[in-house]
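A.B. asks: Chain by chain, the residues run as shown.
Number of protein chains: 2
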Amino acid sequence: MSFVAFPPGTMLSPVPIVMLSCAGESVRPNIITLAWAGTVCSQPPMLTVSIRKERYSHKLVTETGEFVVNMVSRDLIGAADRCGVKSGRDEDKFATCALTPVRADGMRYAPAIAQCPGYLACRVKSVTELGTHDMFLGEIVAVGIQDTLFDAQGKLDLGKARLAAYCHGAYRALGEAIGYFGFSVSAPDVYKRRMRELKTPAAPAKKEHGR
Amino acid sequence: MSFVAFPPGTMLSPVPIVMLSCAGESVRPNIITLAWAGTVCSQPPMLTVSIRKERYSHKLVTETGEFVVNMVSRDLIGAADRCGVKSGRDEDKFATCALTPVRADGMRYAPAIAQCPGYLACRVKSVTELGTHDMFLGEIVAVGIQDTLFDAQGKLDLGKARLAAYCHGAYRALGEAIGYFGFSVSAPDVYKRRMRELKTPAAPAKKEHGR
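Chains as they are written, first to last, in numbering that gives the first Met the number 0: chain A, 0 to 210; chain B, 0 to 210.
Be careful, since some hints might not be right.
In this list, chains with the same sequence are indistinguishable; a pair is considered to hold if it fits within one copy or across any two.
[Said to hold, decoys possible] Using 25 angstroms as the maximum straight-line C-alpha spacing, the simulated SDA-like pairs for lysine to any residue come out as follows: (1) K85 with T63; (2) K191 with D133; (3) K159 with T147; (4) K58 with D104.
Simulated from the structure, these hints should not be mistaken for lab results.
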């Protein structure tokens with residue numbers, strides 16, 4: 000096993016798949032799917048999304064200074080793909096993908112997508128021109144999570160969301176939990192308990208295989 | 000199903016898990032694991048990594064202006080976790096995790112990690128102070144991929160790398176391919192062929208379940 004040189008490129012994998020929703024003063028809401036997105040700061044909580052200048056959403060986000068990042072579950076992957084390849088100039092993607100815009104906390108224009116497992120409402124702090132893409136730095140001002148993703152004790156269980164990731168041109172389902180932050184230095188009893196808690200959400204995935 | 004407000008935070012999931020390797024003029028190489036990383040531009044290819052000021056690697060990356068992002072497969076998840084919680088001030092993480100530093104193309108100081116499926120060698124273009132984290136914008140100047148990840152035709156098959164993702168405190172294995180960029184608007188015969196190609200790498204995962 001040894002390294003082979005590959006043309007320098009955007010090989011980092013996996014990366015998130017997000018459906019970014021935005022709107023304008025008198026413009027219908029739009030969705031663009033992005034994989035060039037990531038968390039960049041814990042406090043204040045911030046993320047970046049990168050959008051090509053020529054995309055319709057670029058204009059909407061620039062004009063309003065806000066956007067909503069919606070997380071993508073595997074049953075939404077067809078809609079997410081369509082929202083990445085089609086333009087909001089040509090079609091109403093909420094309509095063609097049978098998705099519903101709903102109010103996002105803290106946003107004046109940008110809606111959240113009702114069918115997504117969760118959303119992060121962001122205010123644009125800066126825009127940096129990098130080349131093909133402009134990088135929007137957003138401060139996360141509100142978060143909404145589906146009530147169905149909380150357990151009986153009110154604890155969020157994001158494993159239930161059955162999220163998907165982008166990996167060098169392919170969309171992949173997230174599989175089983177294989178650890179948690181700090182597990183390598185955990186006491187054995189803590190490790191057992193935490194892993195048992197994390198493994199629970201694997202159940203819904205089985206249903207899919209039986210479809 | 001409806002949204003419940005959650006404290007604004009770094010909820011975006013999944014995000015990558017990367018082992019960042021770096022070194023200094025006369026300093027042993029170090030590794031720090033990060034989830035605050037993402038692709039931000041296709042051309043020139045660029046990514047960001049965010050590091051807390053107090054981390055040992057912050058100093059090394061700042062001083063040398065370079066770092067290597069190594070992708071993480073699920074068998075490396077224990078090492079990756081340790082490199083996220085331990086400090087390079089206290090231990091030689093290459094030694095404690097039984098990892099091997101190897102030359103990374105285009106880098107003067109920062110090595111790649113021989114055991115990782117692939118690496119992206121980056122030169123720092125800017126550093127932005129955001130709060131708890133400083134965001135390093137890196138231009139990807141070289142990429143190395145393990146020779147074992149190419150098929151007989153010389154085509155890269157990143158599904159074979161069995162990568163892992165970070166998801167709200169948990170590490171999760173990447174599972175089956177559920178689509179590819181553009182699949183929602185593909186002709187049926189193209190869809191069938193592409194999905195068949197993508198599903199092939201699922202085989203190695205089965206071996207793991209039989210362990």
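A.B. asks: Taking the hints in turn, state whether each one holds.
C.D. replies: Quick rundown of the hints versus the structure:
1. Taking identical chains as interchangeable, the C-alpha atoms of K85 and T63 lie at most 25 angstroms apart only when both belong to the same chain, with a minimum of 22 angstroms there against 42 angstroms between chains.
2. Taking the shortest alpha-carbon separations for K191 and D133, neither the intra-copy value of 44 angstroms nor the inter-copy value of 35 angstroms comes in at or below 25 angstroms.
3. In this homomeric assembly, K159 and T147 come within 25 angstroms of each other (Cα to Cα) only inside a single copy, at 8 angstroms, whereas the closest approach across copies is 34 angstroms.
4. For the identical chains of this complex, K58 and D104 are intra-copy neighbours only, at 22 angstroms inside a copy versus 38 angstroms across copies, given an alpha-carbon limit of 25 angstroms.
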